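Below, each chain spelled out in residue letters.
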Amino acid sequence: MSRRPLVRECPPTTWYFRQPRYLRYMSREITSIFVGAYCVLLVVGLQRLSAGPAAWEAFLLGLRSADSIVFHLLALAAASYHAATWFNATQKAMPVQIGEDFVPGNLISGAHYVAWAVLSAVILYLAGVF
Amino acid sequence: MAKSHKPVVWFPFAAGGTVIAFFIPVIVLLTFLAALGHVPPGLSYERMHAFAGSGLGKLIIFGVVALSLWSSAHRLRCTCFDFGLRADTLAATVLYIAAIAGSLLSAVYLLQI
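Order-wise, the sequence lines are chains A and B. Taking the numbering used here, the leading residue of the first sequence gets 1, the next gets one more, and so forth. Taking the numbering used here, the leading residue of the second sequence gets 1, the next gets one more, and so forth.
Chain A on its own, in the form it takes in the complex (with noise of 0.2 Å):
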């Protein structure tokens, strides 16, 4: 008698289509791609501040450019998913307990966007933007 144990078939390149929460779990992953490729773009910015002012001013002139633009806003929209998702997902990483009761998980997440907000006015503040 063969024993046949339950195999659940999972096609490797196309199983996140088969749930809705398994594709906002994807479309979490491929912020990745536009934060990575930004943070590259940071470190080729250090590499020009530390050649010089010419170099500094050749790389803020490079940036102004149709796909520049379009890159900076892929990588906004992906920076801010990949921040709300995370902000989100913080009161079930780390639940606050005093007592006998747990802090609402909202006000956790809600704490992160204040924190959030208030340190992007302040950079936006120090950088002369307003």
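Where hints are given, some of them may not hold.
[Stated by the list, open to error] Straight line, CA to CA, 20 Å or less: simulated SDA-like cross-link-like pairs of lysine to any residue:
no., chain 1, residue 1, chain 2, residue 2
1, A, LYS92, B, THR18
2, A, LYS92, A, ALA115
3, B, LYS6, A, GLY52
4, B, LYS58, B, GLN112
5, B, LYS58, A, GLY52
6, B, LYS58, B, ALA107
7, B, LYS6, B, ALA87
8, B, LYS58, A, LEU124
9, B, LYS58, A, TYR81
10, A, LYS92, B, PHE22
11, B, LYS58, A, LEU42
12, A, LYS92, A, ILE108
13, A, LYS92, A, TYR25
14, B, LYS58, A, VAL40
15, B, LYS58, A, ALA93
16, B, LYS6, B, CYS78
17, B, LYS58, B, ALA15
By construction, these hints were calculated from the structure, which means they are not laboratory data. All figures in this text were calculated on a predicted structure; none of them were measured in a lab.
For chain A, the structure is supplied; the task is to place chain B on it using the hints.
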């Protein structure tokens, strides 16, 4: 107790995820303004050079860049696997080496400023 190298990979990953969430969107916004032709005054050579020239500035820039690189490398490794690339050791080796190289280069550039 079984020993695992996972915490070594995981700690900078989690720290990097937090750093990316808090810092990268606003930094992208700054270079986006530069891409549109409205370079923020803070991105001028004098102010960037002064910031990267201070000890605290070097530490902040290196922390943000190195942790973001490592976290991105770890996430890209997972993304490769999820899209069906099963050569995980290869992906991990290439991406982690790239992240370490990028971090070392950033340190060298910062020390030259």
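Out of the numbered hints, which ones does the structure contradict? 3, 9, 15
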